[in-house]
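*Asks:* Each chain, written out:
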Amino acid sequence: MSRMEIYSPEGLRLDGRRWNELRRFESKINTHPNSSDGSSYVEQGNTKVICMVQGPMEPSSRSQADSTKATIEVNLSVASFSTFERKKRSKSEKRMVELKATLERTFEQSVMCHLYPRTLIQVDVTVLAQDGGLLASVTNAITLALIDAGIAMYDYVSCISVGLYDQTPLLDLNGLEEKDISTLTIGVIGKTEKLALLMLEDKIPLDNLESILGIAIAATHRLRDLMDDEVRKHGNVRASKLAKN
Amino acid sequence: MILSPAERSYLYDSLSQKPPIRPGARSDHQFRPLEAKTSFLPNSNGSARIRLNDGSECMISVKSKVVVTKSVTNLIDVDIDVAGFRDDSNFVSNLKYNLTSLLITNFPSQYLKLTSKYSFKLFIDCIVISHSSYPLSLISLATYLALKTTRLPLLVSEVNDEEIEEQPTFSDDWDNAKYLDEAFEPPIFITLGVIGTNLLFDPSIEEEQVLENGLIVSFYKDNVITPISNINLATNSNNSNFKGLNQKLIIESINLCNKYCPAIIKALNTLTEQDDEGDDDHIF
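The listed protein sequences derive, respectively, from chains A and B. Numbering-wise, our numbering puts 152 at position 152 of the first sequence, and it's gapless, one number per residue. Numbering-wise, our numbering puts 120 at position 120 of the second sequence, and it's gapless, one number per residue.
Treat each hint with caution, since some may be false.
Calculated lysine to any residue pairs in the SDA-like style (CA-CA distance at most 25 Å, straight line) [what the hints assert, rightly or not]:
(1) A/Lys-100 <-> B/Ala-83
(2) B/Lys-37 <-> A/Lys-203
(3) A/Lys-88 <-> B/Ser-64
(4) B/Lys-70 <-> B/Lys-121
(5) A/Lys-87 <-> B/Asn-94
(6) A/Lys-88 <-> B/Phe-40
(7) A/Lys-179 <-> A/Asn-34
(8) A/Lys-94 <-> B/Phe-85
(9) B/Lys-37 <-> B/Pro-153
(10) A/Lys-94 <-> B/Phe-40
(11) B/Lys-178 <-> A/Asn-46
(12) A/Lys-94 <-> A/Ile-204
(13) A/Lys-87 <-> B/Thr-73
(14) A/Lys-87 <-> B/Phe-123
(15) A/Lys-87 <-> B/Ser-39
(16) A/Lys-87 <-> B/Leu-34
(17) A/Lys-28 <-> B/Asn-53
(18) A/Lys-28 <-> B/Leu-34
(19) A/Lys-87 <-> B/Ala-83
(20) A/Lys-88 <-> B/Ile-76
(21) A/Lys-233 <-> A/Arg-24
(22) A/Lys-203 <-> A/Ile-181
(23) A/Lys-87 <-> B/Leu-114
Source of the hints: derived by calculation from the structure; they are not laboratory data.
Looking at chain B on its own, in the form it has when it is part of the complex (with noise of 0.2 Å):
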């Protein structure tokens, strides 16, 4: 519990107002600030990390595999490890299983493929290193700054060895290598507060403790995809205001990401050119 009787009440009153008014003085579809660094680790093919203001910390690294595209099932495996929980806890697996499914449903698997025998196979890493509210939407604004930013090395042998017996070899000089497709945006997860018929982007812990729902809406090239999912975003925590979804709500939670959501990407890519033109790899 960290808010009090009053506090709840009291907080719960500002945001069921209608424009709400929330902590921080955000409007309803304003983000947290957020700080982060893109290609810091020299061994991974990408690598991200994003900071919000409370200290709330995500690190990702993309690594990639050959493999014979026969012998496995998907080409994207998704690892999560949040400080403080077991990796079989419920927490983590729910939040391994949204982004696992939503990655190898919406990944176009042709940027992967190398030979008619061979393709890459992408492991992503992600390490939460302190979180307050739900860390769903800072996972996975990581990994999508993580894949824009992961370069494959050049293949230099033959493309075709359906014949052949040969190994895909690759171009030594690493400056070659190729981002995964310019034009690629990979697809990311929002999570919006429910509170009266008010929606929330990116709720802080403070606000998850009196919102009535909770919504995962996913977001991908310039459109809402499914799943969209509700959850009780106040975890470890008796919220008492948790109430049914009004669906008139979801309509809305549409139309507002599908306003809204190309900014966050546009916001993102921007970053990664910034931080391209940059030659300083430093983490901090």
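Bound-form chain A, shown alone (with noise of 0.2 Å):
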């Protein structure tokens, strides 16, 4: 296969966009109601990530409580369809365990846990398509059902990944640029410069680093605007309801 072209000389990627631009971003909260205390479904591009939380409540096993805070189960399941190859995978993979390991330690430091004293909050998030930018979606999709789910949060955790090609930083990327170009996924905090999550699974010259968390820093900033508007749009659904009763 000849090589693509993953940064056209008139600056337009793969799938038409710029450097600086995001792909579709459609969110919705609240999606099992009946099954879940919070749920949301995530789509970045083609990426697809359904999220239940459930809890804060009794851990099954006493060994889960902390008498100081809320402990976090993420449970990361990746369907063997997702991917445009059928391939089963399995829990136990190292990079299934390794994104686990990540998305509870960021969670548990931007979630109050010390107010959920020997409870459990139980994550699980399924992926029914993937296209680049797995880690972010499925972050994403978790900010969202642990809002809809009611749990106190210092403030949206919003995720993204940015690659270098050559020296130019490129914005969420997709499965064929992720497989190409290295890829550096960050979570921040609402709308500050904090970040609660930041992944790295291959190199990137130190001196470009700067421009690429410029960038990230200001998409993820745009992606909680995104979230938030859903959230809101959620909470005046319910109000409006509440209001009619």
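Two chains, two separate frames, one set of hints: put the complex together.
*Replies:* Laid out in structure tokens, this is it:
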């Protein structure tokens, strides 16, 4: 196969975006009102993620209870049909274990865990389709589901992936781009510049890091607004239902 | 244990009345209301999602692959993933065995035949996101919808390749893709609860706790077919009411299914037609 042009001299990427453009972001909260305490559905481009939160609840085993704060458990399952070539993925795969640990650590810091001592917050994530930015979409989905569950957080954790092509940072990579260039995923707390998550699975030259972080933080702020719109929209729908009764 | 002894006894007595008084005011042959959506996964040939009011939810994806017919033992592969259960647990392997054997024995494989050498192989992947009652009929109804809306790319190369070495080629235009067959109605499983001399369609989790027995009936081409099996539907609980099965009830269950299942098939077909008209690809 001939090498595809990741970034054309005219400044266009494979899917016709410019370097600083996000993919279509769509989110919904409270998608599973009957089977979970909080739920969400996130689409970033062709990556589709469902997230359900149970809790804060009493843990089934004593070992999961911490007398000072809540325990967060993330179960990440990637459907075998999520990629073009069907592939069965086990939960004990090294990459999945690492993603799970990353997510748990991120949300232990961003959720006000000290308010829910001796409880368990169980987060179940199902990835239906993946096309780049897996960790980012999963993080955004978990944030929305936690908000839907009414669990206290310091602020939104919005997350995005950025790659580096030669000297140019490329925002929100799709699956094809992600295969070819190194990718950094960052999660930012609200509208600050505080990083809750930073994941780099390969290498990026240190002197380019600042420009990458700059564009990524701007993008997460935009994503936070998009998620906030959805939460407020849903809040208004609920409030109007309450008013009617 | 989700019911107290008093609740169990009350429910048992209500359900063994003639006609039974079911929680939710359902009649004995009535299903719980369900919500479904098809063709929402652009990466799959067919997809369906079914959700019940109690939050039980199941998603199916059908993917296809071209294989050399001789090299595979069967053209259908089923995989089931139930949230909270290990893949090698008895519960999951039973569900998987039931569905696989039903589909393999009753799937008209000529629909998958491409040329004299090549065929499509279908991979049916099922995710049960959450469930309360025994999920087999939920999974099977979702599989019905997914197979009914499965589209396979149109073959443009020669059908007869016995003499020539040719790989099948397909039309680039997805609009030319064909459904398996307009008239094809995949087989389904129906779960029935047995209590006294009553047979209850689609028992809910509370009803499962007091049932005397459970039946899984398979239905295909307007008729009940084998296998018809009995099972304790209440998993993870010691159902103290569980009894042997009166053989007259098996005959009755066949009659009941023959009478009411065509209505289920009809409802599912109407659903796929309505979903086909709408242009919206969103899951929710």
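*Asks:* If a hint holds in the structure, say so; if it doesn't, say that too.
*Replies:* Okay, the hints, checked on the actual structure:
Restraint check for A/Lys-100 and B/Ala-83: the C-alpha separation of about 16 Å stays at or below 25 Å, so the hint holds. Between B/Lys-37 and A/Lys-203, the direct Cα distance comes to roughly 42 Å. Violation of the 25 Å bound is thereby established for this hinted pair. Restraint check for A/Lys-88 and B/Ser-64: the C-alpha separation of about 15 Å stays at or below 25 Å, so the hint holds. In summary, the hint linking B/Lys-70 to B/Lys-121 is supported, as the alpha carbons are separated by about 12 Å, within the 25 Å threshold.
With a CA separation close to 22 Å, the supplied pair A/Lys-87 and B/Asn-94 stays within the 25 Å bound. Of the supplied pair hints, the one linking A/Lys-88 and B/Phe-40 holds, its CA atoms being roughly 21 Å apart against a limit of 25 Å. Using a Cα cut-off of 25 Å, the hinted pair A/Lys-179 and A/Asn-34 is violated, with the two alpha carbons roughly 38 Å apart. The suggested pairing of A/Lys-94 with B/Phe-85 holds, with an alpha-carbon distance near 20 Å, which does not exceed 25 Å.
The suggested pairing of B/Lys-37 with B/Pro-153 holds, with an alpha-carbon distance near 22 Å, which does not exceed 25 Å. The suggested pairing of A/Lys-94 with B/Phe-40 is violated, with an alpha-carbon distance near 30 Å, which exceeds 25 Å. The straight-line distance between the Cα atoms of B/Lys-178 and A/Asn-46 is roughly 24 Å, inside the 25 Å bound, and the hint therefore holds. Using a Cα cut-off of 25 Å, the hinted pair A/Lys-94 and A/Ile-204 holds, with the two alpha carbons roughly 22 Å apart.
With a C-alpha separation of about 19 Å, the suggested pair A/Lys-87 and B/Thr-73 falls inside the 25 Å cut-off, and the hint holds. For the given pair, A/Lys-87 sits about 11 Å from B/Phe-123 by alpha-carbon distance, which is consistent with the 25 Å threshold. About 20 Å separates the Cα atoms of A/Lys-87 and B/Ser-39, which keeps this hinted pair within 25 Å; it holds. Between A/Lys-87 and B/Leu-34, the direct Cα distance comes to roughly 30 Å. Violation of the 25 Å bound is thereby established for this hinted pair.
The suggested pairing of A/Lys-28 with B/Asn-53 holds, with an alpha-carbon distance near 19 Å, which does not exceed 25 Å. Our distance criterion of 25 Å between C-alpha atoms is met by A/Lys-28 and B/Leu-34, whose separation comes to about 21 Å. Annotation: proposed proximity of A/Lys-87 to B/Ala-83 holds, straight-line Cα distance about 18 Å (limit 25 Å). Proposed proximity of A/Lys-88 and B/Ile-76 is supported: the alpha carbons are some 16 Å apart, at most 25 Å.
Between A/Lys-233 and A/Arg-24 the CA atoms are separated by roughly 18 Å; this keeps the pair inside 25 Å, and the hint holds. Taking the CA atoms of A/Lys-203 and A/Ile-181, the gap is near 9 Å; set against the 25 Å cutoff, the hint holds. For a cut-off of 25 Å, the pair hint linking A/Lys-87 to B/Leu-114 stands: about 24 Å separates their Cα positions.
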